[in-house]
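Which chain is which? The protein sequence lines are A and B, in order.
Sequential numbering from -6 applies to the first sequence in my numbering.
Sequential numbering from 15 applies to the second sequence in my numbering.
For the record, the hints were derived by calculation from the structure and aren't laboratory data.
Treat the hints loosely; a few may be bogus.
[As the list claims (entries may be wrong)] Part of the chain A face toward chain B, derived, beta carbon under 10 Å:
1) ARG36
2) MET149
3) ARG151
4) THR152
Every value quoted in this text rests on a predicted model; they were computed, and no experiment measured them.
Positions of the beta carbon are idealized from the N, C-alpha and C atoms, including for glycine.
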Amino acid sequence: MIERHAGRAVALLFALPIAALVVRAVADQWRAPALVPQRLGLRGLDAALEAGAAFAGSLAVALVATGAAIAIGWPAARVLGERRLRRPGLVFLLLAMPLLVTPYATGAGLTEWFIRLGLAGTLPGLVLAHLVLVLPYVVVVLLSGFGARVSELEEMARTFGASPLRRLAWVTLPSVRATLAAAALLGFLVSWSQYGSSLAVGAGRPMLPLVLLPFVRTDPQVAAALALLFLAPALVALAVATRASRSPL
Amino acid sequence: MSALACSGVVVSAAGAPVLRGVDLTVAAGSRTVLVGPSGAGKTTLLRTVAGLAPLDAGEIRLGARSLRGVPAHRRRIAVVFQEPRLLPHLDVADNVAFALRAAGVRRAERRRRARALLDDVGLGGFADRRVRGLSGGEQQRVALARALCAEPELLMLDEPLAAVDPNRREGLRRLIVDLQRARAVTTLLITHDRAEAAELGERVALMLEGWIVQHAPPRELFERPASAAVARFFGAANLLRGDVRAGRLAVAGVDVPVPGPDGPATFTIRPEHVVLCDSAPLAATVVEAVYAGTHVRLALQAGSQRLQAHAVGGDAPPAGARIAVELPVDRLWRLPATAPDAPAPRAARP
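Turn these sequences into a full structure, and let the hints steer you where they fit.
Shown next, in the form of C-alpha cells:
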C-alpha cells in the first residue's frame, strides 16, 4: 500500500517537470508574471527540428559507443563477475580512472592526440571519447549478471551438444538479459547526455547537448523544445530496456 | 551403447595432482557407481570425461573413439549434475529437449519426444510448466529426462540425489536404475554414500585420493575389501593383525580360527557379522552402545583389540557389560598381502 503511494509520488515528481517543459515549449508568448502563456505556437518546435543533424549525430555516437562498450566490456565483466581475478580492485580503479576527472578534462586530454591522429571532430573520434566514459558504467553493471549460475548453465549446454555460438544465443544471452538491458540503457544515457567530452573533441561538430545549452539563456522556448527532443530517445531507450529486462519467470 | 575406458588418467588442479593415474572401465550398457569421500577426485574424473576439465595425461576412450581433443559438445555424453541446472527461461519440455534442439530436430518432434520422456520419469503433464515452481526432486527428474533425451553414448550422474529430499530419494533411485536397465545406457554414477553405492551399482569403483583402489560388484567391496582403506570406507571397521599359526590368530590372548595359510596377515570382519553370545572363549567389555535406528552400534574392547559390533533387536547389552564374542571363520576376510595401488594407510585409529 505504502509502496504504491510512494510509486505514485515518484511518478508525479518525474511527470511535473516534463509537463512544465511541454508548456514552455509551446508558449510562443509568456510574459511574467502571468501563470499561463499568452499565446501558444509551434515556433519552438520548428526551431528544435532544425537540430536534426545534431540529433542524428548524438544518436549514432551513443548507439555505436554503447555497442562497442558492450562488446569490449563483456569479457572484462565476465572475468570480474566470476571473481576470477586476484585483485579486482586494481582493475576497477583503472577502469574508473576516466570518471575521476571531469569529462571535459578527459576530452581535452584526448583531443591533443585526436588532432595528431586526425580523429578530432570526426564521428569515430567522438565514439572513442564517449567509449572511455561509457565503458566503466557498462562493465560495472554487466558484471553482476555473470557468476557461477551462468557458467554452470553454459557447462550444461556444452555437454548437451550446443556449439559456442548456440550457447551464447540459447543460454548466456537469455541468462544475462536483464543486466545487459540495464547496462545498455546506462551506457546509452551516459553517451547521449555527454557534454564536456563532446565539446572537447568535437571541434564544433553539433551534438544535441552542445546545441541545447546556449538556448537556455537566449531562448527558453527553443531550449524547452530541444529538451523534449533530447528526452525522446532516452524515454524510448528506457522503455526498451524495461521491456527487455522483464523477467520471463 | 559404448564402453567407457579410462587409462592412466592424470589431472592436476592449481599444481596439485587430483587424479594420479585412474584406470576405470565401464562395460557397454552397464552401470558403475564411483564412490569415495569428498575430495577424492570423483567429480574431477566426471568433468574430465565430459570434456569440462583438461586431461593432463592418459587416455579416455568411448567405444572405439578416443576423446582426446574432442570438445565437450561433440562427445555425446550426457550429464546429470548435482544441481538440476535447468534453463529458467524455457518450459519443462524445452529443457528436456535441449540436446535435440542442438542436434537440429524440429520443434514439434522435439516436444513430442520430450513429453514421452517426461511420462517415463513420472512427470506426465509437466511439459508446459515453468521450471521455477518445481520441487528439487521434480527438477532432478527433468534433468534426468533431459539426459536420456540426448540418447547419449555415456550417461554420467554426479550425486544426483544430493539435492533431493531424503524421503524422495528412494523413488528417484529406483527410477534411475529402472531407466538405465531398460535403455542399457552405459552409466557412471557418483556418490559419497556407500549404502547408495551398493543399491545403485552393478559394479562399484572406490576412489581414494585420486586412485581407483577397487572396482568390483558391491558385495565384494563390503565383504572382500582389497585393502584396509577399502574396508574402512565400507564400514568393515574391525581390523585384526597378527601372525597366523596353525590356522589360528591370537586375538586378545584367545586363538581364533582364521582362513588361509600361516604367516603375517590382516583380517577384516564387518560389525554386523560379529556374533554376540553368552559363552565363547573371546570375552569383551562394551565400551559404548549407540542406538542407530535399525541397530545398536557397540564399541567393544577385548584385551588390546577394539571391535565394533551391531546388536539387532531389543536386547542390546549396555555400556560396561561383559559379553562374549564369536568371530565366525567364514566371515573373516583376509586382506590381500599386497594391496593394489592403495595409498598408504593413515595413522592408526585409536
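Status of the hints after comparison with the structure:
1. Below 10 Å, beta-carbon pairs count as interface contacts, and A/ARG36 has none with chain B, the closest being about 50 Å; its hint is therefore violated.
2. For A/MET149, the interface hint holds, the least distance from its beta-carbon to any beta-carbon of chain B being 4 Å, beneath 10 Å.
3. Restraint check, A/ARG151 versus chain B: the minimum CB separation of about 4 Å is within 10 Å; hint holds.
4. The criterion of a C-beta within 10 Å of any C-beta in chain B is met by A/THR152, whose closest approach is roughly 5 Å, and the hint holds.
When each numbered hint is compared with the structure, a violation occurs for hint 1 only.
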